[in-house]
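Student: Chains as they are written, first to last, in our numbering: chain W, 1 to 384; chain B, 385 to 511.
For the record, the hints were derived by calculation from the structure and aren't laboratory data. Incorrect hints may appear among the rest.
Unchecked claim - No farther apart than 25 Å at their CA atoms in a straight line, the calculated lysine-lysine pairs in the DSS-like style are these:
1) W:Lys128 <-> B:Lys388
2) B:Lys452 <-> W:Lys95
3) W:Lys275 <-> W:Lys251
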Amino acid sequence: MATNKGDINDGGAESFLTLGPDNSVTVRYHPDFGPHSDLILLEVPDDSVLNDLLRGRVTIRGQFDEDAVLCTPSSTYAMKFVGTSNSVFLIPPRKPNLSDPQPNPLVSVLKLAPGNVELVLTAPRLDKLRFLLMQRLYKIDEEDEEDCSSEGLYTWHDLICSIQASDEELREGLKFLSAVEINGFWRIVHPKSVNMILTMVLTNSVLHDWSLDALVEEEVLSVLESDGFNTTIVKHCLETFGTKNENDNSKLWGLDKKRIAVHFAKQVLGSNGGKMRLEIFIEKWMRNVQKGTPFDLNMLEGEVLYETIGAETWIKAFSVADLPLTPDARFSVLFKERAKWAWKDLEPYVRDLRVPGISSEGLLIKYTRRVQPNADAEPIFSAR
Amino acid sequence: MEIKVKCNCGVENCSEWAILELQGVVESQPSIANQIQGLEIGRLCCSSSSSQVNYTFTVGYHELSGTKVSLKKPLLVLKKNKQEEGSVSNNEVDLEVIGIIRHKILFKNRPKAIISRPQVKDKKASD
Chain W
1 MATNKGDIND GGAESFLTLG PDNSVTVRYH PDFGPHSDLI LLEVPDDSVL
51 NDLLRGRVTI RGQFDEDAVL CTPSSTYAMK FVGTSNSVFL IPPRKPNLSD
101 PQPNPLVSVL KLAPGNVELV LTAPRLDKLR FLLMQRLYKI DEEDEEDCSS
151 EGLYTWHDLI CSIQASDEEL REGLKFLSAV EINGFWRIVH PKSVNMILTM
201 VLTNSVLHDW SLDALVEEEV LSVLESDGFN TTIVKHCLET FGTKNENDNS
251 KLWGLDKKRI AVHFAKQVLG SNGGKMRLEI FIEKWMRNVQ KGTPFDLNML
301 EGEVLYETIG AETWIKAFSV ADLPLTPDAR FSVLFKERAK WAWKDLEPYV
351 RDLRVPGISS EGLLIKYTRR VQPNADAEPI FSAR
Chain B
385 MEIKVKCNCG VENCSEWAIL ELQGVVESQP SIANQIQGLE IGRLCCSSSS
435 SQVNYTFTVG YHELSGTKVS LKKPLLVLKK NKQEEGSVSN NEVDLEVIGI
485 IRHKILFKNR PKAIISRPQV KDKKASD
């Protein structure tokens, strides 16, 4: 703000707010009264956001063609300007004038505010993250290839500038995609490479008599490194398929049999859309999976769909992890796949949907039509 | 793009701004046009009756009555700064928290016309 014109030294906001009974003050237009369009009023929904704002932990993120969002370390808010028809006069604090410590009983209004920005808690916009990271999947032996450019590769900083999500939500999004940071870039590993490394780990376990419940990290990394595998990727494989058990000094990993079984089921079926007769699938799946691994079709919930073609049952790859995260796009894809869904089939494909302020029932009401012929029949969902 | 929202005041020292809010529009006499800087708008008085503190705002020959309200959701005053040439970030703009508003004096009752004739510099028009 420019300095005051003349010798005016008013009491500002303090005089205004502390005006006591039987006192009065003149309110006038500030010498610098004007539109001051560089001043914005932001409504703060709660103390947590206020704290983040006052501690400088808040950023605004988005590209120029997107609506900006405000991000605290853990949450994302849509920014909405709300106008008012009232006259909202903004009164700045008193500017201390050293030559005249006693303020005049005068209050100046600097600006007439047309409204304020409201913050609405919103789901992070993470669909774009998968789209960006799918541009260049990481393949083993990638370093040997000619193309060493960093085009289509994204650092953490690149992602922050492109994705409208808080840091915490972005990290969760990366974890959900099983992304890994290699040479400073966040990458999704190509499914063929994932399979190659997992198979190597399993084969070596048999060779070296390792226990899959207690793999010694250093041992696994060094053996696979000598076979030419990048340790970052091998470690990522352990994280994807196992859980760390920090025991004494050596780091031990327990591989999750269910995650491995699901992985091989997907290998057998191929990518989304791949399908085969159920008996053939089960036979192939059994052959791929380690002995002693339970393989129960219930493990494949949210990963496969079943179709009856004639007298045969067919199984088809359809993974919820590949579907859009926003409800309208998600339901659109689901109803394109199948016009009608029974609740037990639909549930695994909608249970992860989260929209602040709407319950799961609310989402169903908003995006689907529910038909239940009678009280005993199972409800059927179709597009609205 | 990422724009950081700076705050140099911290949690304790955020300067307090205030709002005077009324329904309607304050207009100046046509002869004044846009030269309103420094011009008086009106007189704000405070009085108390029983346990309540009331405010009266007299603009021209209108008298408004209102009360002080604590905002359930505080407002922050943000300032958009254009970046200087050669600054570190390649954004054109950054934002800074320069104040907080926790209270306002709100006049939401219909104005009362004062019969006597005060000096009229401004007149109040309500919708």
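Student: Does each hint fit the structure? Answer for all of them.
Tutor: Status of the hints after comparison with the structure:
1. With a CA separation close to 22 Å, the supplied pair Lys128 (chain W) and Lys388 (chain B) stays within the 25 Å bound.
2. For a cut-off of 25 Å, the pair hint linking Lys452 (chain B) to Lys95 (chain W) stands: about 23 Å separates their Cα positions.
3. Taken as a hint, the Lys275 (chain W) and Lys251 (chain W) pair is broken in the structure, with Cα atoms around 39 Å apart against an allowance of 25 Å.
The structure fails to meet hint 3 from the earlier list, while all remaining hints are met.
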